[in-house]
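Enquirer: Model the full assembly from the supplied sequences, consistent with the hints where possible.
Protein chains in written order, with this note's numbering: chain U, 1 to 222; chain C, 1 to 201; chain A, 1 to 244.
Treat the hints as calculated values from the structure; they're not laboratory data.
A quick note: this is a predicted structure, and the numbers were derived from the prediction, not measured.
Reference excerpt, derived from the structure (chain C facing chain A, CB under 7 Å, subset only): (1) Glu118; (2) Ile119; (3) Leu122; (4) Ala125; (5) Tyr126; (6) Leu127.
Negatives, chain U to chain C, calculated, CB over 10 Å: (7) Leu103; (8) Val110; (9) Ala179; (10) Leu201.
Even for Gly, the Cβ is constructed at its ideal location relative to N, Cα and C.
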Amino acid sequence: MSALSALLVRDVRIALRVGGGAMMGVLFFLTVVTLMPFALGPDLALLRRLGPAILWIGALLASLLALDRLFSADHDDGSLDLLLMGRVPIELAVAVKGLAHWLTTGLPLVVAAPILGLFLNLEPKAIAAVVLTLLVGTPALTFIGLVGAGLTVALRRGGLLLPVLVLPLTVPVLIFGVAASNAAVVGPVPFGTPFTILCALTLMSLVIGPFAAGATLRHGLE
Amino acid sequence: MELIGKELACTRGQREVFSGLDFRVAAGEALLLVGHNGAGKSTLLRLIAGLLRASAGTVSLDGGDPELSVPEQAHYLGHQDALKPSLTVTENLRFWASWLGDEAPALDAALEAVALAEIADLPAAYLSAGQRRRLSIARLVAIRRPVWLLDEPTSALDVASQGRLAELMAAHLASGGLILAATHGPLGLESARELRLGGRT
Amino acid sequence: MAWIDLANPTRFLRIVDRVLPWLTAATVFAFAYAINGVLGAPDDYQQGATVKIMFIHVPSAWLGMFCWGMMSLSALGTLVFRHPLADVAAKAAAPLGAAFTFLCLVTGALWGRPMWGTYWVWDARLTSVLVMFIMYLGLLALWRTVEDPARAGRAAAILTLVGAVNLPIIKFSVDWWNTLHQGASVVRLGGPTIDPSILIPLLAMTLACTLLFVALHLAAMRNEVLRRRVRTLRLLQAQTARGV
Numbered sequence: 001m002s003a004l005s006a007l008l009v010r011d012v013r014i015a016l017r018v019g020g021g022a023m024m025g026v027l028f029f030l031t032v033v034t035l036m037p038f039a040l041g042p043d044l045a046l047l048r049r050l051g052p053a054i055l056w057i058g059a060l061l062a063s064l065l066a067l068d069r070l071f072s073a074d075h076d077d078g079s080l081d082l083l084l085m086g087r088v089p090i091e092l093a094v095a096v097k098g099l100a101h102w103l104t105t106g107l108p109l110v111v112a113a114p115i116l117g118l119f120l121n122l123e124p125k126a127i128a129a130v131v132l133t134l135l136v137g138t139p140a141l142t143f144i145g146l147v148g149a150g151l152t153v154a155l156r157r158g159g160l161l162l163p164v165l166v167l168p169l170t171v172p173v174l175i176f177g178v179a180a181s182n183a184a185v186v187g188p189v190p191f192g193t194p195f196t197i198l199c200a201l202t203l204m205s206l207v208i209g210p211f212a213a214g215a216t217l218r219h220g221l222e
Numbered sequence: 001m002e003l004i005g006k007e008l009a010c011t012r013g014q015r016e017v018f019s020g021l022d023f024r025v026a027a028g029e030a031l032l033l034v035g036h037n038g039a040g041k042s043t044l045l046r047l048i049a050g051l052l053r054a055s056a057g058t059v060s061l062d063g064g065d066p067e068l069s070v071p072e073q074a075h076y077l078g079h080q081d082a083l084k085p086s087l088t089v090t091e092n093l094r095f096w097a098s099w100l101g102d103e104a105p106a107l108d109a110a111l112e113a114v115a116l117a118e119i120a121d122l123p124a125a126y127l128s129a130g131q132r133r134r135l136s137i138a139r140l141v142a143i144r145r146p147v148w149l150l151d152e153p154t155s156a157l158d159v160a161s162q163g164r165l166a167e168l169m170a171a172h173l174a175s176g177g178l179i180l181a182a183t184h185g186p187l188g189l190e191s192a193r194e195l196r197l198g199g200r201t
Numbered sequence: 001m002a003w004i005d006l007a008n009p010t011r012f013l014r015i016v017d018r019v020l021p022w023l024t025a026a027t028v029f030a031f032a033y034a035i036n037g038v039l040g041a042p043d044d045y046q047q048g049a050t051v052k053i054m055f056i057h058v059p060s061a062w063l064g065m066f067c068w069g070m071m072s073l074s075a076l077g078t079l080v081f082r083h084p085l086a087d088v089a090a091k092a093a094a095p096l097g098a099a100f101t102f103l104c105l106v107t108g109a110l111w112g113r114p115m116w117g118t119y120w121v122w123d124a125r126l127t128s129v130l131v132m133f134i135m136y137l138g139l140l141a142l143w144r145t146v147e148d149p150a151r152a153g154r155a156a157a158i159l160t161l162v163g164a165v166n167l168p169i170i171k172f173s174v175d176w177w178n179t180l181h182q183g184a185s186v187v188r189l190g191g192p193t194i195d196p197s198i199l200i201p202l203l204a205m206t207l208a209c210t211l212l213f214v215a216l217h218l219a220a221m222r223n224e225v226l227r228r229r230v231r232t233l234r235l236l237q238a239q240t241a242r243g244v
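Expert: Structure, rendered in structure tokens:
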């Protein structure tokens with residue numbers, strides 16, 4: 001257990017120090033959301049209607065941003081070799097790295113979402129719904145992304161490939177995340193229905209992600 | 001304790017790196033892997049470390065911990081130093097110690113052994129190549145694992161550090177450990193056998 | 001002559017130590033005068049007491065722009081004259097500029113709430129400030145990404161200058177975008193004829209905030225010089241430990 005907590009502390013620390021990418025995702029999120037009205041026009045009623053979708057798209061893209069370095073940084077400096085030689089199964093190590101990545105990139109997006117919600121003129125109820133769905137949904141995005149991050153290591157130069165590989169896999173999360181946010185405001189479906197499915201998707205990705213990523217890392221060594 | 005490799009073969013891509021390779025290294029012994037570039041020295045070390053798959057043959061550690069695999073009882077010192085520049089010297093070492101071992105690590109003693117104790121609080125980004133190498137070596141000292149797999153351990157080290165590494169290796173052998181090292185030059189070990197790879201060329 | 005004197009960081013530190021107490025006193029004095037004036041200023045017949053937010057909003061908007069201008073000059077100092085304190089000045093200014101721009105946005109939002117009934121409208125002026133704020137954050141991120149201050153300084157200087165060229169274009173584009181869409185109503189200050197009872201406290205407040213900026217900037221520059229010395233010492237420590 002102490003090995004895993006050491007890994008968590010290490011990854012969080014690296015992300016927060018000089019050269020780490022902890023706040024980049026939030027900055028990207030802010031930029032994407034700011035750009036939307038320039039394309040759509042400053043119509044507050046329109047922005048209010050599209051707000052949950054804009055926030056979800058922004059969070060989705062932002063959560064992909066730092067993903068390609070998740071394993072490849074460890075691969076490039078030889079750390080991955082040693083991580084594989086520990087006495088902890090690589091799947092657990094991958095899960096912990098995913099958790100550290102979510103804490104430093106996913107959680108800040110959730111925290112920033114209410115402020116960006118104000119920019120889009122969302123009502124308090126909609127903001128609460130978006131924050132709740134992002135809190136539940138962003139771990140799914142990170143853990144699905146683990147698979148892509150593992151593949152980039154196996155394929156060496158996969159950085160550009162990663163979004164193409166991962167984005168289709170995130171479609172269900174996006175559908176039910178936005179659906180739940182909208183349901184909270186306009187209905188007609190009760191909030192609970194899509195939200196429960198979103199929770200289920202997250203739980204599934206928490207299991208599938210580490211196993212698939214662990215497998216890609218093992219094969220990547222060949 | 002004895003590390004035994006039987007009938008090992010390894011193919012990378014379409015190329016057969018080596019095949020039918022046997023070796024035995026007993027406790028207290030050092031085996032030097034020699035041979036021209038591309039003879040398979042690094043490949044063999046990575047294979048024993050569990051980082052490559054053998055296409056045939058087995059590696060086993062007689063008299064080791066039966067609950068652990070060979071890689072879990074081995075230290076691997078590769079070409080890269082596995083250090084994070086933004087973490088301090090101590091933070092880097094502490095992480096690898098708690099990742100690779102269970103017991104409380106002797107961090108201070110290990111840093112003392114590689115003469116990095118006085119800059120323990122500096123970020124690893126400030127270190128020279130030789131200092132990074134020494135910090136990497138410190139983890140072999142901090143956590144006890146019987147098998148040392150060393151790939152060109154003296155690269156980037158000056159003469160004094162090479163001498164210190166030789167002392168550390170001798171101490172490891174004396175305490176019942178065993179060493180496999182890929183090398184081009186002498187390591188300063190007196191009783192080391194040689195295994196020549198790629199002899200057919 | 002004074003310019004050459006300032007190029008020497010040690011002399012710069014000594015000058016800062018001598019100037020800073022006086023500057024702090026002047027800042028406190030200016031704020032005391034300005035706040036007194038603000039409290040005495042009449043409320044707007046439409047906006048009531050909320051108009052007083054303007055006394056923070058306008059100076060911070062001014063400082064947000066002023067700071068980028070100052071960083072652009074520093075960027076020229078870094079790239080053209082290779083002045084040793086230029087990138088120290090630029091680095092110390094960036095968080096301050098970001099803070100004042102942020103203050104401008106927050107006060108704008110608080111002002112907008114009673115005016116427009118919502119915290120945020122995509123009004124041309126506010127939106128331009130928001131884009132500038134994002135550029136400040138990008139600049140801060142750039143400073144944080146590169147550990148070596150000299151390398152980071154050159155990269156940041158180039159970005160600052162590109163930003164300085166682009167900010168007017170962005171401002172123009174946003175204005176055009178906003179009028180094209182006939183967006184939300186724009187609140188205008190009373191045009192060129194602001195009553196002296198408001199204008200004088202506003203100018204006093206702007207002066208006080210500028211003094212505050214200069215004082216904070218000098219202190220931040222001093223800290224940055226010291227921080228770089230610590231870094232050099234630690235690098236030296238690593239170097240001398242090599243022989244042991």
